[in-house]
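**Student:** Taken in order, these protein sequences are the chains called V and E.
So the first sequence is numbered by our numbering: it starts at 1 and just counts up by one.
So the second sequence is numbered by our numbering: it starts at 1 and just counts up by one.
Among the chain V residues that face chain E by a calculated CB cut under 7 Å, a handful are:
{"#": "1", "residue": "K28"}
{"#": "2", "residue": "V33"}
{"#": "3", "residue": "G103"}
Pulled a few chain E residues facing chain V out of the computed Cβ check, cut under 7 Å:
{"#": "4", "residue": "I3"}
{"#": "5", "residue": "P5"}
{"#": "6", "residue": "A18"}
{"#": "7", "residue": "P32"}
{"#": "8", "residue": "V62"}
{"#": "9", "residue": "S106"}
{"#": "10", "residue": "P107"}
{"#": "11", "residue": "N108"}
{"#": "12", "residue": "P109"}
{"#": "13", "residue": "C110"}
{"#": "14", "residue": "H112"}
{"#": "15", "residue": "D134"}
{"#": "16", "residue": "G155"}
{"#": "17", "residue": "F167"}
To be clear, the hints were calculated from the coordinates, so they are not data collected in a lab.
C-beta: ideal position from N, C-alpha, C; glycine also.
Protein chains: 2
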Amino acid sequence: MGIEPWEVLDSKYLHERARVDICRVNGKTIEPVMLEFGTWVTIVAITKNKEVVLVRQYRHGVQKILLELPGGGVHQEETPLEAAKRELLEETGYTSDTFVQTGIVSPNPCNHNNQAVSFLALNAEKISEQNLDDTEEIQVSLKPLEEAVQWIKSGELLQSLHVSAFFFALSYMGFLD
Amino acid sequence: MGIEPWEVLDSKYLHERARVDICRVNGKTIEPVMLEFGTWVTIVAITKNKEVVLVRQYRHGVQKILLELPGGGVHQEETPLEAAKRELLEETGYTSDTFVQTGIVSPNPCNHNNQAVSFLALNAEKISEQNLDDTEEIQVSLKPLEEAVQWIKSGELLQSLHVSAFFFALSYMGFLD
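Pulled out of the complex, with its shape left as it was, chain V reads as follows (with noise of 0.2 Å):
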């Protein structure tokens, strides 16, 4: 017998994104709730010095103030690479002129419908101020390359999102093989 997608009885929003599917799976009857974003972007940025841009924000979900890898949605009118560069730039003032799109994960296929496109930016240089949204509260921090890789390793970068990002990175530039 064959996987096959589950019926959907019945669907109704509970919130703006949040949605719950009344589901029936072998006979029996489920009420999944999942969460509709657009595309998210996230960037492993390395200057030239090999240091890895990373910011500190608060995370509601857990509750902690976090320090990760910049990242943020895709507007309508962008490619995931514009995106990509337009958050680089207005959470941190880095940019680069070498982007490369290294893998897309989901950043939970049980509940999330959206996909992450992973970017690596090479030669970061930071040329501006950052440009945060209103309810936006970032601090920049630079972490050199191995170091950063061994707090990586050390399980200190929470979210899971972003070690996939890191592994996708290390993997295109050698570290992998």
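We have chain V; now place chain E onto it with these hints.
**Tutor:** What follows is chain E alone, placed relative to chain V:
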């Protein structure tokens, strides 16, 4: 000025496991939806023949049948290690004499409150048939380790939680040294 946690003005449940928080951030009001889960586990199980034990199942968020790592939720009376052993055995029929905890990540620190513990199970052996929940339909599939690494590098292991678990497993096995 330091980074501050968001002020929660009000909070209400939309559904089991789904909560909306009315938050005040820099004078603006936002209403993020939060998903509440217990701890999860993810297992990179590698057989004596250096094959990775994978599972194929339907994921309703992306509405696709995906090839992924085994994993699941930690029961109330369990440790993450006990849950990892149980989930691997239930979903695949495999067990191992060597489980190593390799890392902890957040599925998404923006909207999930929980953490996922990654395990590496070495010398995995099939000792029984699957023992699935009523709503689970899972097919087991083996992939040689080197092939699995290439498969993940190419972005085909879609779930970021699982790419992260692989990152930690490869790091533990010395691939990143």
